[in-house]
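Assemble the complex: chain A is given as a structure, and chain D must be docked to it using the hints.
Spelled out from the first residue to the last, the chains are:
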Amino acid sequence: MADLLIQGAAVLGDTVQDLLVRDGRIAAIGAPGTLEVAADAERLDAEGLVALPGLVDPHTHLREPGREDAETVLTGTRAAALGGFTAVHAMANSIPVADTAGVVEQVWRLGRQSGYADVRPVGAVTVGLAGERLAELGAMAQSKARVRMFSDDGICVSDPQLMRRALEYVKAFDGVIAQHAQEPRLTVGAQMNEGTVSAELGLAGWPAVAEESIIARDVLLAEHVGSRLHVCHVSTAGSVQILRWAKDRGVKVTGEVTPHHLLLTEELVREYDPVYKVNPPLRTAADVQALREAVADGTIDMIGTDHAPHPSEAKECEWAAAAMGMTGLETALSIVQLALVDTGLITWADVARIMSHAPAAMAGDTDQGRPLQAGEPANITLYDPQAQSVVDPATHATKGRNSPYAGMNVPGSVRHVLLHGHPVVRDGALNTPYDPEEADA
Amino acid sequence: MRHLLDTVHLGREDALRILDVAETMSEVSGREVKKLPALRGRTVVNLFFEDSTRTRISFEAAAKRLSADVINFSAKGSSVSKGESLKDTAQTLQAIGADAVVIRHPASGAAQRLARTDWIDAAVVNAGDGTHAHPTQALLDALTLRRELAVRNGVDPTGRGLDGAHVVIVGDVVHSRVARSDVWLLHRLGARVTLVAPPTLLPVGVDTWPCEVTYDLDAALASDPDAVMMLRVQAERMHGSFFPSTAEYTRTWGLTAARVDALGPDTVIMHPGPMNRGLEISSAAADSPRSRVLDQVANGVAVRMAALYLVLSPDTPTPASGGHRG
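So the protein sequences, as listed, match chains A and D.
Mapped onto the working numbering, the consecutive letters of the first sequence carry residue numbers 358 to 798.
Mapped onto the working numbering, the consecutive letters of the second sequence carry residue numbers 395 to 720.
Hints listed in this document are in silico derivations from the structure and should not be mistaken for laboratory results.
Treat the hints with care, since some could be wrong.
[As the list claims (entries may be wrong)] Selected chain D positions facing chain A (Cβ under 8 Å, derived; list incomplete):
no. : residue
1   : K429
2   : R574
3   : V598
4   : T602
5   : T650
6   : R653
[Unchecked claim] Per the computed footprint, the stretches of chain A lying under chain D, defined by three or more beta-carbons under 8 Å from a beta-carbon of chain D, are:
no. : region
7   : 558 to 564
8   : 727 to 740
[Claimed, not checked] Just a sample of chain A residues kept apart from chain D, beta carbon distances all over 12 Å, derived:
no. : residue
9   : P517
10  : K528
11  : V545
12  : Q548
13  : G552
14  : T553
15  : V554
16  : R606
17  : V626
18  : P631
19  : N636
20  : R783
Cβ atoms here follow ideal geometry from the backbone N, Cα and C, with glycine treated the same way.
So here's chain A without its partners, still in its complex pose (with noise of 0.2 Å):
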């Protein structure tokens, strides 16, 4: 493979650099024209754009196998290789659930298949996320798929004590328990954010101590036993508070939000269109504002997007029979850019360590979530924070058409993604994929 030279890109939108890539690393870097660049090497003009370290998603819905009419890996990766993700955390929840050895290697393997990103599956914590016995975990662990990751995301593990085992064993192979925060008996039936919303509309609340209640319990547990605890989807401002505290006792917990709870308020369910419909629901403004600052200030640590892509029958329905969840992949990093960079809260330094260095040190990725120097692995996003776009649903890689952006006017634009060297996404588009064999040989 020829080297790639990639010209005068704004290393985390600051310095312009000139970035060298040589068999699937970043051969060197350094100032525009400085580089000592063979004759042959391809060029990639990088003027006017953003170099960030290839983005990791610590939460996707790929949902093969089972429910390949609503994604498949390969559609699942070429959305994530043009949202500017090199690397995707397949959660569990698919048909036959990821609880064994055999179902997450081949999920990891039909990642390698695709190309578009890397795929690191995530383990359920329970048989069939059935929430009654451990999976097996440690198998897990030692497949070729090397889970770290373990969640049973869309059911929260409920019991306290089956959480505290599950927290308790991964430590043997310094894992991490993803804990889907929602107390079952408080949200029975629920539809949608519990408060003055939800009393008008007369649809049944999932109140925020759901939430809460569990993010408190497990940090307790978290620091009892000593172990790592990442919490998915922080969606209200008393989860911040927990999370703070916790966090200046020392309890070992991560908290990821997503692109749509940083923007998106519950205000948008009043016309009932389902498309609003999400798991953990959209909150308030104030709420909104909360999980903003909380980022800010690194009480979140990560983003993640929650893409749950379904087919368009399971949207179009009364409100109640609608399936939950929104797609995300191929808008995450506009979302971020419009909710946290351009209202002046972060940098795009800090949208590296948010949406690329954290979900990879947190899922315990090697070669993902780098930092861009020398010798690290080339996977890089290339991104145009001038552009502008208008977000059109029935244009996505992903079969999912259930964008709560669907015409919102957005910034920014994924321009080119280098996945272990190789331009997978080039000008806005798909390239070839990144054939890992050929790398291996």
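Okay, now just chain D, sitting in the frame of chain A:
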């Protein structure tokens, strides 16, 4: 008026228009030949995903008295679990040529979905959606109250609101589409509304509603309201720990015979039906001369005639006012 979906978005002028047309319509119901040609050739579909014989026959009578063709479509059960989706059902009705769809559905917002999507062009009248809204029930409650006040004051109800009236609504507010629709409509028409319920049967967020809230029924009744409206309480609520026992509910929030005896002389008793005698309302209350329950039923037909008439022929003057064509 294109659709009738809820009362939160129903302005005072539109509400008064419906009530005034309903007054005219109830004259028709008093005649020997109870029929107007206003909707001749129009098709009204009663699309009921929930059992409700009372509401359905009320809408059916209303449409027939306006000479519309009526199709009753009973599609019980949730759309997804039972096969055909709401979208397919709507498109079927569109293909059949429905001019208006009267929808009763267990999911809050189902009427909005029909009205806002491109599934069907017909006018949509909400006949009760989940725990959200039941606008024709609220309108018939308002019509009943307005008549009551007009008779008491010796005036013509037409054109009047409910200014200065005080209505106490008692019971399972959190699960009640009737309460939601009544609060906004009665408020908009100028009435003062007081909700009375155990705290477990009030929604979180009720403090933002345009009404007062109390847990004390006796205190609310002592203020001499113009009407006390009892909401149906389903005994199953007991299993959700909303209250300890039906006996305790009745003692604390039921309209018992003793409470009826203590009412001021002008307070009337209302109930949307069906009543749970012995639970939220005693027979002494239901059968007392103060009860307006059967007036409510009769007024329901008039209000539904008005609603169907207005969504289907919005620009025509009030029908029976210009000469007796029936």
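Cross-check of the supplied hints:
| no. | hint | result |
| --- | --- | --- |
| 1 | K429 | violated (35 Å) |
| 2 | R574 | holds (6 Å) |
| 3 | V598 | holds (5 Å) |
| 4 | T602 | holds (5 Å) |
| 5 | T650 | violated (29 Å) |
| 6 | R653 | violated (28 Å) |
| 7 | 558 to 564 | holds (count 6) |
| 8 | 727 to 740 | violated (count 0) |
| 9 | P517 | holds (22 Å) |
| 10 | K528 | holds (39 Å) |
| 11 | V545 | violated (9 Å) |
| 12 | Q548 | violated (8 Å) |
| 13 | G552 | violated (5 Å) |
| 14 | T553 | violated (4 Å) |
| 15 | V554 | violated (7 Å) |
| 16 | R606 | holds (31 Å) |
| 17 | V626 | violated (9 Å) |
| 18 | P631 | violated (9 Å) |
| 19 | N636 | holds (17 Å) |
| 20 | R783 | holds (38 Å) |
Of the numbered hints given earlier, the model fails hints 1, 5, 6, 8, 11, 12, 13, 14, 15, 17, 18; all others are met.
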